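S.K.: Whenever a hint applies, use it, and build me the whole structure from the sequences.
Protein chains: 2
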Amino acid sequence: MKPSTEKRAGISEIRIIGVPGLPEIRPTDPIPALLHARLKALRFALEPGDICLVTQKIISKAEGAVVDLEAVTPSPFALQVARRIKKDPRLLEVVLQQSQRIVRMDRDIMICETKHGWICANAGVDQSNVPGRNFVTLLPADPDGSARRFSRELEALFHFPVPVILTDTFGRPWREGLTNVAIGSAGLEPLIDWRGKRDPFGYELQKTLVAVADELASAAELVMGKIEGIPIAIVRGYAYQPSDAGSQSLIRPPAKDMFR
Amino acid sequence: MKPSTEKRAGISEIRIIGVPGLPEIRPTDPIPALLHARLKALRFALEPGDICLVTQKIISKAEGAVVDLEAVTPSPFALQVARRIKKDPRLLEVVLQQSQRIVRMDRDIMICETKHGWICANAGVDQSNVPGRNFVTLLPADPDGSARRFSRELEALFHFPVPVILTDTFGRPWREGLTNVAIGSAGLEPLIDWRGKRDPFGYELQKTLVAVADELASAAELVMGKIEGIPIAIVRGYAYQPSDAGSQSLIRPPAKDMFR
Numbered sequence: 001m002k003p004s005t006e007k008r009a010g011i012s013e014i015r016i017i018g019v020p021g022l023p024e025i026r027p028t029d030p031i032p033a034l035l036h037a038r039l040k041a042l043r044f045a046l047e048p049g050d051i052c053l054v055t056q057k058i059i060s061k062a063e064g065a066v067v068d069l070e071a072v073t074p075s076p077f078a079l080q081v082a083r084r085i086k087k088d089p090r091l092l093e094v095v096l097q098q099s100q101r102i103v104r105m106d107r108d109i110m111i112c113e114t115k116h117g118w119i120c121a122n123a124g125v126d127q128s129n130v131p132g133r134n135f136v137t138l139l140p141a142d143p144d145g146s147a148r149r150f151s152r153e154l155e156a157l158f159h160f161p162v163p164v165i166l167t168d169t170f171g172r173p174w175r176e177g178l179t180n181v182a183i184g185s186a187g188l189e190p191l192i193d194w195r196g197k198r199d200p201f202g203y204e205l206q207k208t209l210v211a212v213a214d215e216l217a218s219a220a221e222l223v224m225g226k227i228e229g230i231p232i233a234i235v236r237g238y239a240y241q242p243s244d245a246g247s248q249s250l251i252r253p254p255a256k257d258m259f260r
Numbered sequence: 001m002k003p004s005t006e007k008r009a010g011i012s013e014i015r016i017i018g019v020p021g022l023p024e025i026r027p028t029d030p031i032p033a034l035l036h037a038r039l040k041a042l043r044f045a046l047e048p049g050d051i052c053l054v055t056q057k058i059i060s061k062a063e064g065a066v067v068d069l070e071a072v073t074p075s076p077f078a079l080q081v082a083r084r085i086k087k088d089p090r091l092l093e094v095v096l097q098q099s100q101r102i103v104r105m106d107r108d109i110m111i112c113e114t115k116h117g118w119i120c121a122n123a124g125v126d127q128s129n130v131p132g133r134n135f136v137t138l139l140p141a142d143p144d145g146s147a148r149r150f151s152r153e154l155e156a157l158f159h160f161p162v163p164v165i166l167t168d169t170f171g172r173p174w175r176e177g178l179t180n181v182a183i184g185s186a187g188l189e190p191l192i193d194w195r196g197k198r199d200p201f202g203y204e205l206q207k208t209l210v211a212v213a214d215e216l217a218s219a220a221e222l223v224m225g226k227i228e229g230i231p232i233a234i235v236r237g238y239a240y241q242p243s244d245a246g247s248q249s250l251i252r253p254p255a256k257d258m259f260r
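Those sequence lines, one after another, are chains A and B.
For reference, each letter of the first sequence is one residue, going 1 to 260 in this note's numbering.
For reference, each letter of the second sequence is one residue, going 1 to 260 in this note's numbering.
Keep in mind that the hints were calculated from the coordinates and are not lab data.
Keep in mind that this is a model prediction, so the values were computed, not measured.
Hints are not guaranteed to be accurate.
To be verified - Here are the simulated SDA-like cross-link-like pairs (lysine to any residue), alpha carbons at most 20 Å apart as the crow flies:
1. A:LYS40 / B:GLY171
2. A:LYS86 / B:LYS256
3. A:LYS256 / B:TYR203
4. B:LYS256 / A:MET105
5. B:LYS256 / A:ARG195
6. A:LYS197 / B:GLY132
7. A:LYS256 / B:ASP108
8. B:LYS40 / B:VAL66
9. B:LYS197 / A:SER128
10. A:LYS197 / B:ILE230
11. A:LYS256 / B:ARG149
12. B:LYS197 / A:VAL130
13. A:LYS256 / A:ASP193
14. A:LYS256 / B:ILE230
15. A:LYS115 / A:PRO131
16. A:LYS86 / B:LEU205
17. A:LYS256 / B:ILE102
18. A:LYS197 / B:ASP126
19. B:LYS197 / A:GLY171
20. B:LYS197 / A:MET105
21. A:LYS87 / B:TYR203
22. A:LYS197 / B:GLY171
23. B:LYS115 / A:ARG83
24. B:LYS256 / B:ARG101
25. B:LYS197 / A:GLN127
26. B:LYS115 / B:SER99
27. A:LYS197 / B:ASN129
28. B:LYS256 / A:VAL130
29. A:LYS87 / B:LEU205
30. B:LYS86 / A:ARG195
31. A:LYS197 / B:GLY225
32. A:LYS115 / A:GLY132
33. A:LYS86 / B:GLU24
34. A:LYS256 / B:ILE85
35. B:LYS197 / A:GLY196
36. B:LYS86 / A:GLY196
37. B:LYS115 / A:PRO173
Claimed, not checked - Only part of the chain B face toward chain A is listed, based on derived beta-carbon distances under 10 Å:
38. ALA156
39. PRO190
40. ASP214
All C-beta atoms in this analysis are idealised placements derived from N, C-alpha and C, irrespective of residue type, glycine included.
M.R.: Here it is, written out as structure tokens:
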């Protein structure tokens with residue numbers, strides 16, 4: 001099944017729909033079932049072709065990827081860094097434990113390569129939107145696996161395939177501001193390859209690989225915001241390419257990356 | 001006027017609307033007037049609160065920012081590079097002339113800092129979607145200025161303010177694939193600053209500056225595509241923050257950039 005872009009008098013349209021009013025997520029909470037119930041209460045029916053975008057934060061909470069800083073013993077290195085940049089050494093310890101490589105360390109900024117291969121500030125460890133001052137969330141241990149499970153559970157509830165993208169807001173070099181990106185996905189191709197296709201003038205496109213999973217994540221952030229408590233968005237009308245690939249293909253291989 | 005996000009039974013919704021069927025743009029073509037006519041033909045009325053996203057490509061064409069490679073004399077450096085990477089030396093010459101700095105040069109890839117300060121492959125010089133095999137487009141000379149003019153002309157036609165974002169697809173470090181980003185804008189704040197705001201748990205957000213102009217550009221790309229010939233998208237229902245700032249604030253100052 002390849003969903004087609006909605007047409008309306010020649011106009012193609014994609015809708016980004018925020019799902020408000022989900023409860024605060026606790027360990028082992030069945031988010032797909034909670035979403036199903038919430039959409040029902042909102043009298044909003046998912047349709048075949050819809051894509052479900054979920055912030056990493058609630059997945060981490062449901063999976064118990066939350067750390068109580070009270071229980072963390074900072075290493076000598078974490079203590080040393082903490083003195084220099086005036087941060088909580090226990091938080092730094094968690095960041096180090098989530099990293100397989102420190103990409104840059106400058107002033108009070110740590111850009112880390114996570115165990116999964118994502119490059120982001122603080123290895124994705126985050127203090128915001130967590131109940132309790134001493135708790136931080138980690139990225140899910142296996143974001144593609146989490147997305148696959150989520151997608152499978154949605155399919156069981158809705159009786160048609162629903163691709164899922166797990167998102168987080170990451171910074172990037174050269175440009176100010178964070179943007180929401182994909183850190184895991186299931187059911188859709190995260191990269192669309194236009195190479196070899198021809199533009200309207202017959203020119204064969206080169207090196208045109210578009211990270212649509214990241215673009216979908218960015219679109220979703222526009223309805224999610226940071227303080228509105230909207231952790232799930234539905235994208236309707238985007239003709240995604242069904243695929244079993246996860247989002248690991250979004251990680252540029254080290255040999256091809258000129259900015260490691 | 002601060003437009004509010006559309007509400008429907010508790011659901012917040014943003015719509016991304018592609019405008020098909022615009023004619024091929026030629027130098028001096030009045031794109032806002034062509035858009036106005038096209039929307040009328042499609043019986044689609046712009047509304048206050050709508051944002052207009054336009055690919056750089058058609059702005060460059062209208063502004064005559066197109067170069068005939070036949071008329072380019074490559075410098076000795078361009079000739080030397082061309083021999084090594086097997087590219088057209090005239091194309092490389094145009095790329096060099098559009099650059100104020102070469103950020104990286106490796107294999108057949110040139111990452112350049114444009115005269116405006118954007119960092120991207122080939123300084124934004126592009127051979128795709130241009131009629132004639134020997135023509136390339138440049139980025140507009142002053143993308144914020146182009147966006148301001150476009151927005152002013154839309155306001156004259158529609159009788160309410162219409163913010164405008166000029167977009168191009170850029171690559172980025174660490175992650176595969178291009179995403180659509182803002183290279184110019186008018187009428188809306190490109191960065192939303194959540195710093196100092198509190199999350200639902202009372203935690204004060206830190207360093208949370210979101211590049212919404214880039215997220216809007218990414219959302220727009222989902223309806224634009226690369227070969228569909230949809231160079232303009234309308235975003236409806238996003239509560240943008242009106243502003244006179246252009247998109248130069250999206251360029252990270254060199255002193256703050258760890259990946260120059």
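S.K.: Now tell me, hint by hint, if it's right for this structure.
M.R.: To see whether the hints hold, each was checked on the structure:
Between A:LYS40 and B:GLY171 the alpha-carbon distance is near 40 Å, which puts this suggested pair outside the 20 Å criterion. With a CA separation close to 19 Å, the supplied pair A:LYS86 and B:LYS256 stays within the 20 Å bound. Restraint check for A:LYS256 and B:TYR203: the C-alpha separation of about 39 Å exceeds 20 Å, so the hint is violated. Using a Cα cut-off of 20 Å, the hinted pair B:LYS256 and A:MET105 holds, with the two alpha carbons roughly 12 Å apart.
Distance hint between B:LYS256 and A:ARG195 is unfulfilled; the C-alpha atoms sit about 35 Å from each other, more than 20 Å. At most 20 Å may separate the alpha-carbon atoms for a hinted pair to count; A:LYS197 and B:GLY132 meet this at roughly 17 Å. At most 20 Å may separate the alpha-carbon atoms for a hinted pair to count; A:LYS256 and B:ASP108 meet this at roughly 12 Å. Among the hinted pairs, B:LYS40 with B:VAL66 is inconsistent with the structure: their alpha-carbon atoms are about 29 Å apart, more than 20 Å.
Taking the CA atoms of B:LYS197 and A:SER128, the gap is about 11 Å. The hint holds against a cut of 20 Å. With a CA separation close to 16 Å, the supplied pair A:LYS197 and B:ILE230 stays within the 20 Å bound. Under the criterion of a C-alpha separation no larger than 20 Å, the hint pairing A:LYS256 with B:ARG149 is inconsistent with the structure, at around 40 Å. Under the criterion of a C-alpha separation no larger than 20 Å, the hint pairing B:LYS197 with A:VAL130 is consistent with the structure, at around 15 Å.
Our distance criterion of 20 Å between C-alpha atoms is met by A:LYS256 and A:ASP193, whose separation comes to about 17 Å. With a C-alpha separation of about 31 Å, the suggested pair A:LYS256 and B:ILE230 falls outside the 20 Å cut-off, and the hint is violated. Between A:LYS115 and A:PRO131 the alpha-carbon distance is near 25 Å, which puts this suggested pair outside the 20 Å criterion. Among the hinted pairs, A:LYS86 with B:LEU205 is consistent with the structure: their alpha-carbon atoms are about 17 Å apart, no more than 20 Å.
Using a Cα cut-off of 20 Å, the hinted pair A:LYS256 and B:ILE102 holds, with the two alpha carbons roughly 18 Å apart. The hinted pair formed by A:LYS197 and B:ASP126 meets the criterion: a straight-line CA distance of about 16 Å does not exceed 20 Å. Our distance criterion of 20 Å between C-alpha atoms is met by B:LYS197 and A:GLY171, whose separation comes to about 19 Å. Only pairs whose Cα atoms come within 20 Å are accepted, and B:LYS197 paired with A:MET105 is rejected, the gap being roughly 27 Å.
The suggested pairing of A:LYS87 with B:TYR203 holds, with an alpha-carbon distance near 16 Å, which does not exceed 20 Å. In summary, the hint linking A:LYS197 to B:GLY171 is supported, as the alpha carbons are separated by about 19 Å, within the 20 Å threshold. Between B:LYS115 and A:ARG83 the CA atoms are separated by roughly 41 Å; this puts the pair beyond 20 Å, and the hint is violated. Straight-line distance between C-alpha atoms of B:LYS256 and B:ARG101 comes to about 17 Å, which keeps the hinted pair within the 20 Å bound.
For the hint pairing B:LYS197 with A:GLN127, the CA-to-CA distance comes to about 14 Å; that is within 20 Å, so the pair holds. Note on B:LYS115 and B:SER99: the hinted pairing holds, with a Cα-Cα distance of about 6 Å set against a maximum of 20 Å. Taking the CA atoms of A:LYS197 and B:ASN129, the gap is about 12 Å. The hint holds against a cut of 20 Å. At roughly 29 Å between alpha-carbon atoms, B:LYS256 and A:VAL130 are farther apart than 20 Å, so this suggested pair is violated.
For a cut-off of 20 Å, the pair hint linking A:LYS87 to B:LEU205 stands: about 15 Å separates their Cα positions. Taking the CA atoms of B:LYS86 and A:ARG195, the gap is near 19 Å; set against the 20 Å cutoff, the hint holds. Taking the CA atoms of A:LYS197 and B:GLY225, the gap is about 12 Å. The hint holds against a cut of 20 Å. Restraint check for A:LYS115 and A:GLY132: not satisfied, since their Cα atoms lie roughly 26 Å apart, outside the 20 Å limit.
At roughly 57 Å between alpha-carbon atoms, A:LYS86 and B:GLU24 are farther apart than 20 Å, so this suggested pair is violated. This hinted pair checks out: A:LYS256 and B:ILE85 have alpha carbons roughly 16 Å apart, not beyond 20 Å. The suggested pairing of B:LYS197 with A:GLY196 is violated, with an alpha-carbon distance near 47 Å, which exceeds 20 Å. Between the alpha carbons of B:LYS86 and A:GLY196 the distance comes to roughly 19 Å, so the proposed pair stays at or under 20 Å and holds.
Using a Cα cut-off of 20 Å, the hinted pair B:LYS115 and A:PRO173 holds, with the two alpha carbons roughly 18 Å apart. Below 10 Å, beta-carbon pairs count as interface contacts, and B:ALA156 has none with chain A, the closest being about 23 Å; its hint is therefore violated. Given the 10 Å rule on beta carbons, the hint for B:PRO190 holds: about 8 Å separates it from the nearest Cβ of chain A. For B:ASP214, the suggested interface contact is upheld, since its CB lies about 5 Å from the closest CB of chain A, less than 10 Å.
In this structure, the earlier hints numbered 1, 3, 5, 8, 11, 14, 15, 20, 23, 28, 32, 33, 35, 38 are contradicted, and the remaining ones agree with it.
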